[in-house]
Amino acid sequence: MTIKLGVPSKGRLMEKTFEWFGARGITLARSGSDREYAGVVDGIEGVSLVLLSAGEIPRELAAGRIHLGVTGTDLVHEKLALWDQSVIAVEEMGFGHADLILAVPAAWTDVDTLHDLDAAAAAFRGVHGHRLRVATKYHRLVREFLRGAGVADYALVDSQGATEGTVANETAEAIADITSTGDTLRANHLKVLSDGVILRSQATLWKSRAAALDADERTSLEVLMARLG
Amino acid sequence: MTVTRGDTNALAARLRAGFEAQGAQAVEPPILQPADTLLDLYGEDIRARAYVTSDALRGEQMLRPDFTVPVVQMHMAHGADPARYTYAGEVFRRQEHDADRANEFVQVGYEVFERDDPAASDAEVFALIAGALGDLPVRAVTGDIGVLMAVVNGLDTSDLRKNALMRHIWRPRRFRALLERFATDRGVPEFAASDAPLVGARRQHEIDARIAALTADAEVPPIPARDVDLIAALLDISAPMPDALGRLHDLSVDLPAIVPAVARVAARQEALAARGVNVSKLAFDASYGRTSMEYYDGFVFGFAAVERPDLSLLASGGRYDALTRRLGGGGREIPAVGGVMRPGVMLELGATL
Chain A
11 MTIKLGVPSK
21 GRLMEKTFEW
31 FGARGITLAR
41 SGSDREYAGV
51 VDGIEGVSLV
61 LLSAGEIPRE
71 LAAGRIHLGV
81 TGTDLVHEKL
91 ALWDQSVIAV
101 EEMGFGHADL
111 ILAVPAAWTD
121 VDTLHDLDAA
131 AAAFRGVHGH
141 RLRVATKYHR
151 LVREFLRGAG
161 VADYALVDSQ
171 GATEGTVANE
181 TAEAIADITS
191 TGDTLRANHL
201 KVLSDGVILR
211 SQATLWKSRA
221 AALDADERTS
231 LEVLMARLG
Chain B
411 MTVTRGDTNA
421 LAARLRAGFE
431 AQGAQAVEPP
441 ILQPADTLLD
451 LYGEDIRARA
461 YVTSDALRGE
471 QMLRPDFTVP
481 VVQMHMAHGA
491 DPARYTYAGE
501 VFRRQEHDAD
511 RANEFVQVGY
521 EVFERDDPAA
531 SDAEVFALIA
541 GALGDLPVRA
551 VTGDIGVLMA
561 VVNGLDTSDL
571 RKNALMRHIW
581 RPRRFRALLE
591 RFATDRGVPE
601 FAASDAPLVG
611 ARRQHEIDAR
621 IAALTADAEV
631 PPIPARDVDL
641 IAALLDISAP
651 MPDALGRLHD
661 LSVDLPAIVP
671 AVARVAARQE
681 ALAARGVNVS
691 KLAFDASYGR
701 TSMEYYDGFV
711 FGFAAVERPD
721 LSLLASGGRY
731 DALTRRLGGG
741 GREIPAVGGV
751 MRPGVMLELG
761 ATL
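Taken in sequence, the protein lines are chains A and B. Just so you know, we're using my numbering here: the first sequence kicks off at 11 and counts up by one. Just so you know, we're using my numbering here: the second sequence kicks off at 411 and counts up by one.
No wet-lab data here; the hints were simulated from the structure. If you're wondering where the values come from, they're calculated on a predicted model, not measured in any experiment. Errors might be hidden in some of the hints.
Pairwise CB distance ranges, derived in the manner of DEER restraints [stated by the list, open to error]: (1) A:D94 to B:G597: 41 to 47 Å; (2) B:A626 to A:T123: 16 to 22 Å; (3) B:D646 to A:D224: 56 to 62 Å; (4) B:Q614 to A:Q170: 28 to 34 Å; (5) B:P650 to A:H138: 43 to 49 Å; (6) B:E506 to A:G192: 27 to 33 Å; (7) A:D168 to B:V630: 39 to 45 Å; (8) A:E29 to B:A587: 20 to 26 Å; (9) B:P632 to A:S63: 49 to 55 Å; (10) A:G192 to B:H615: 38 to 44 Å; (11) B:N513 to A:G158: 21 to 27 Å; (12) A:G192 to B:Q505: 34 to 40 Å.
Ideal Cβ positions, reconstructed from N, Cα and C, are used throughout, including at glycine.
Isolated chain A, as found in the complex (with noise of 0.2 Å):
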């Protein structure tokens, strides 16, 4: 059987992957018509592409259906409890770089860090009668990092677009999402905190602790591993 590697489906992710892997001598591509979620591998054997959604690249790699995986730092991070189980990072790839940071408006000159936002939120609290609200998708990580900066009486609200609008919308009050350059922040009037940056996150490429190696599967996974390195 061959070894199966798992590339994002589609975007700017797909094609960057393609020329990370060319630059090293070998040829990902899509099979057939664009519309087909079918790859092919030229340049090496005992390997098969896996055309997936980067969001279930990291459930797939957990589960040992692939042996290796490209996506984000941070889907891996919020999607699988503890992550480093089951999958190793082999390589950064250099491209995908994306923050999840925590934001909050612009206007608010009272605060500018984790501890500002705390007290903030208890004030809130008193005067609204709910929870401070803050919109992600990144549900884990945001509580996780909030629960270790000791920030109390502030409630998750899922939001799975446009997050950066939660907060003019008056749907939340704070918002936490990956971001590349901050335009998207600065339009919606949104500033990070200056203690605010919860994960670094660039695409990398897994491999999983999971997947069943055969001694061909090994070879290859060994050849492959040499040509990347």
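Add chain B to chain A, keeping to what the hints say.
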């Protein structure tokens, strides 16, 4: 020998019957609890500890992470006064950091709601649970969150600082960081201007109010190093109860605010002795219970297996007067103390003896 669910349920039934024989009324709160009450009490942390589920009709529900909250709600709604309750059943806890810890286990509990003699109620709960643990090789530790709360209340500083410290009594790291911050002269606070339009539900007057409060608070002198040292000395107390009480009495010379709280510890020691507890061997640890769920505000205790640090506590509990106030509505409050036992852990320990 592995402990079966049947063994655990049989022991749980015996323990509950024992509490019923002491006059407790058996109650059976539902497994599914409305999420909003628990979220309001514990905040977002509860989501990391409890399983959340939902339906379109009732909204978010939680698999009960403990019995105390539903028992208190039931009592505050229509309980007699005084009252004693017992219960046995599963509780559910998410485990995201340690796959070896159980995410579903049986608890048996005993809760006392009584106004007259809190020391006697504390001793009653502790002694009944100690008795029910029988000859198992366990070590009890006690503490009292009320002493630390009394110190904070008695500090010669602003209400802003006291309230901040009080909010974080149960988060030791944050508490220490705040204490250090308030013990340092940080000068006049500066606030960078912003020309961004204000968005969101937090209004300008709230921002202005906090800036005014911080500016005024900067005039308050730092908490003296002497008080910081006294708090450290208090939290450092870990000794058999009579020695610990001696040190608490010594500290109360410099911290007169803790005199009533220390008197409560002394009264409890007497009540425990009257119940036949060997208090000269009973550990008192002033920082015990600070990292548990934030509702204990007085007496706290736990029983751990002596030579099995890998096992969870066999029993634990404490006083939670403030919880009855928060769940009671309309400012009603009743002094309450209770504890839970883990029959599954008792059997696991017993099986290896």
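Hints, verified against the model:
1. A:D94 to B:G597: 41 to 47 Å: For G597 (chain B) against D94 (chain A), whose Cβ atoms are near 43 Å apart, the range 41 to 47 Å holds.
2. B:A626 to A:T123: 16 to 22 Å: holds (20 Å)
3. B:D646 to A:D224: 56 to 62 Å: Distance hint for D646 (chain B), D224 (chain A) holds at roughly 59 Å.
4. B:Q614 to A:Q170: 28 to 34 Å: With Cβ atoms ~31 Å apart, the hint holds.
5. B:P650 to A:H138: 43 to 49 Å: holds (48 Å)
6. B:E506 to A:G192: 27 to 33 Å: holds (31 Å)
7. A:D168 to B:V630: 39 to 45 Å: holds (41 Å)
8. A:E29 to B:A587: 20 to 26 Å: violated (46 Å)
9. B:P632 to A:S63: 49 to 55 Å: holds (54 Å)
10. A:G192 to B:H615: 38 to 44 Å: violated (29 Å)
11. B:N513 to A:G158: 21 to 27 Å: Since N513 (chain B) and G158 (chain A) have Cβ atoms about 22 Å apart, the given range 21 to 27 Å holds.
12. A:G192 to B:Q505: 34 to 40 Å: With Cβ atoms ~37 Å apart, the hint holds.
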